[in-house]
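Taking the hints into account, I'd like the entire structure generated from these sequences.
Residue numbers for the sequence shown follow my numbering, beginning at 30 and rising by one.
Fair warning: there could be bad hints in the mix.
Unchecked claim - Straight-line distance between alpha carbons at most 30 Å, and here's what the computed BS3-like set of lysine-lysine pairs gives:
#1 K167 - K87
#2 K167 - K98
#3 K143 - K154
#4 K261 - K134
#5 K154 - K261
#6 K143 - K98
#7 K88 - K167
#8 K87 - K261
#9 K142 - K98
Just so you know, these hints were derived from the structure itself, not from any lab. These numbers were taken from a predicted model, which means no experiment stands behind them.
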Amino acid sequence: MNELCFAVVGTASNKAELLYIWDQATPEAKAIIVILILFSILAWSVMTSKVVQLRRAKKLNQFFTAEFKTQSHVLDMFDRRIQAEGCPLFMVYQAGSLELDARLKGGEGEGRKKRVTLKSMEHVKRTLENTVAQESLKLESGLILLAIAVSGAPFLGLLGTVWGVMSTFGHVAQAQQATIAAMAPGVAAALITTVAGLLVAIPSMFGYNWLVHNLRVRTVELDNFAQELVSKMETEYLQDE
30 MNELCFAVVG
40 TASNKAELLY
50 IWDQATPEAK
60 AIIVILILFS
70 ILAWSVMTSK
80 VVQLRRAKKL
90 NQFFTAEFKT
100 QSHVLDMFDR
110 RIQAEGCPLF
120 MVYQAGSLEL
130 DARLKGGEGE
140 GRKKRVTLKS
150 MEHVKRTLEN
160 TVAQESLKLE
170 SGLILLAIAV
180 SGAPFLGLLG
190 TVWGVMSTFG
200 HVAQAQQATI
210 AAMAPGVAAA
220 LITTVAGLLV
230 AIPSMFGYNW
240 LVHNLRVRTV
250 ELDNFAQELV
260 SKMETEYLQD
270 E
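Structure representation (structure tokens):
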């Protein structure tokens with residue numbers, strides 16, 4: 030019971046301490062803390078949405094790869110009109126298949142030819158490269174906000190601390206009372222902005238690094254699949270010179 034009482038008293042004391050520091054903070058420090066809170070909400074929203082997006086992309090890529098490996102011809106899935114919206118590998122496959130199909134047909138009303146020229150295959154390659162780049166950009170969208178949170182939050186916190194310390198020393202100089210009791214509240218209130226900045230930057234840093242690693246993995250998968258797809262298309266449809 031005694032330990033429980035001490036724990037309750039300690040928690041209440043900590044809460045009162047934080048409220049006291051907040052009350053002692055300057056309007057500039059409070060404004061910076063509010064901005065950092067908004068940064069934190071934005072950073073966590075981006076991290077959550079990107080984690081969901083990457084996990085969904087990974088699962089859909091696995092399903093698509095399993096289905097793609099079962100087809101006997103490179104355009105079988107395209108001819109069956111299979112759709113897999115939100116799957117990066119499918120978007121690459123769909124764009125390449127559309128371009129190849131257009132090159133094989135040549136014009137309206139014409140049937141599909143058995144072979145295409147090297148020049149036509151180069152157009153297919155460029156389409157695949159453009160689609161890979163577009164899908165990579167989609168996966169990377171939003172990361173700039175995390176990068177800003179990682180690099181900017183500590184500096185905002187430092188700005189609040191320096192401003193608060195400057196204000197505290199200014200008041201002490203005017204009052205001509207350089208005592209701990211006079212300085213401690215202002216310094217403590219100034220330091221809270223640095224703490225707030227670090228609380229925003231540290232989770233954002235870990236989240237950013239994790240997301241960058243997984244984005245590189247997904248990008249490599251896109252590049253490898255595009256190369257494999259081009260190889261199969263050339264094997265089946267490239268005209269011998």
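Comparing the hints with the structure gives:
no., hint, verdict
1, K167 - K87, "14 Å, holds"
2, K167 - K98, "25 Å, holds"
3, K143 - K154, "18 Å, holds"
4, K261 - K134, "18 Å, holds"
5, K154 - K261, "12 Å, holds"
6, K143 - K98, "22 Å, holds"
7, K88 - K167, "17 Å, holds"
8, K87 - K261, "23 Å, holds"
9, K142 - K98, "24 Å, holds"
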